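> Each chain is listed here by its residues.
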Amino acid sequence: MELAMSMVVPGLMLSVSLWGLARGVDLWGALTAGAQEGLQVCLRIAPALVCLLTAVYMLRASGALELLGNLLEPVLTAVGIPPETIGLLLVRPVSGSAALGVGAELMQAYGPDSLVGRTAAVMLGSTETTFYTVAVYFSAAGITRTRYAIPAALCGDLVGFLAASWTVRLLMGG
Amino acid sequence: MAMAWIWTVMVGGAILCGLATGRGEAVSAAALEGAGAGIELCLAMAGTLCLWMGIMEVMRRSGLAGGLSRLLRPVLGRLYPDFAGERGVMDAVSANVSANLLGLGNAATPLGLEAARRMAERSPGEASDSLCMLVVCNTASIQLIPATVAGLRAAAGCQTPFDILPAVWLTSALSVTAGVLAARLFSRLWR
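From first to last, the protein sequence lines are chains W and H. Under the working numbering, residues 1 to 174 are what the first sequence spells out, in order. Under the working numbering, residues 175 to 365 are what the second sequence spells out, in order.
Some hints could be false.
Unchecked claim - Residues on chain W that point at chain H, a partial pick, calculated with CB under 7 Å:
#	residue
1	Gly11
2	Val25
3	Leu31
4	Leu49
5	Leu124
6	Val134
7	Gly142
8	Tyr148
9	Ala152
10	Ala164
Hints are computed from structural coordinates only; laboratory data are not their basis. None of these values were measured; they are calculated from a predicted model. Every residue gets a Cβ at the ideal spot worked out from N, C-alpha and C, and that includes glycine.
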């Protein structure tokens, strides 16, 4: 099982490459073009990450995040969410780069394979920057009356946060 | 504008709280440490991110996205009954979903916006049920390989950054389902 899981990534790399070759894709060109785009993504998010990690580190050092976590601990623990992730829950729907910063800090502080680190990763991987997306879509479509779109999207986020905490415990044993 | 407020509240909160708990010096040291950590993080995650963006580009060029979107069309017709018969809209919607699944955010957004514009033509200014559903589906992340998060985990020293995949898939499925159900429920209640 361990071996099978660890072969998923290399297996996917090989099968995608073979499939691309079979379809006559310029494989090397596509790989490097994608990697180039990856570099551009890093460059594009770097300025925001620098500013936001500064703020996140300050918040962490000041004890404000612990305070907030302690305050909400009864509620969060009752539903199964690790209280340390409170900062992530707050910024996730509002700012993608802030969420990346908070998540990275959690993974570094608690370890990427800890319960908190894994939960933060799954939360990041399975939710979106809801308010940003809503704003982009509705302004592109010229919509002013958004009706129930925001509450329904937030329901999805809430379930995502809860489910992230549960699935990590269930599938990864904490 | 929102970011300006988030930034100011975070920094202001840290300073107030740091002074109140007597950790003012730690806060000031953390500011410099955090700025350096931002750049370190970008460098550390760049490798994983580049590799996966490369693999995804191969997926896109080999027509995987197109095939996926043909597979998805019948399912999506049920989510957007008002537009199931309109080819242009359903083409854009299914291409949007398959680009999202493959993690091609840059490709997914223009396709989704195209679908949103066409949907809005029927009810200018007000979000129809289908348009709300489209927005809800796009606010729920459904990507199969979350490359950025895997890059973050690798940057933090994780040996197996992709072992979260089953948990991510299950969580995404649950949160999309919750969003869709909420949209359906609210569409009956909201008049």
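> Compare the structure with each hint and give your call.
Right, here's what the structure says about each hint:
The beta carbon of Gly11 of chain W is not positioned within 7 Å of any beta carbon in chain H (closest approach about 11 Å), and the interface hint is therefore violated. Interface hint status for Val25 of chain W: upheld, as the beta-carbon distance to the closest one in chain H is roughly 5 Å, under 7 Å. Taking 7 Å as the C-beta contact cut-off toward chain H, the hint placing Leu31 of chain W at the interface holds, the least distance being around 4 Å. Interface restraint check for Leu49 of chain W: the shortest CB-CB distance to chain H comes to about 4 Å, inside 7 Å, so the restraint holds.
A distance limit of 7 Å between C-beta atoms decides the matter here; for Leu124 of chain W the minimum to chain H is near 5 Å, and the interface restraint holds. Using the Cβ-Cβ criterion of 7 Å, the hint placing Val134 of chain W at the interface with chain H is satisfied: the shortest such distance is roughly 6 Å. For Gly142 of chain W, the suggested interface contact is upheld, since its CB lies about 6 Å from the closest CB of chain H, less than 7 Å. Checking Tyr148 of chain W against chain H: minimum C-beta separation of about 4 Å stays under 7 Å; hint holds.
The beta carbon of Ala152 of chain W is positioned within 7 Å of a beta carbon in chain H (closest approach about 4 Å), and the interface hint is therefore held. Taken as an interface hint, Ala164 of chain W checks out: its beta carbon lies about 5 Å from the nearest beta carbon of chain H, inside 7 Å.
Comparing the model with each earlier hint shows a violation of hint 1 alone; every other hint is respected.
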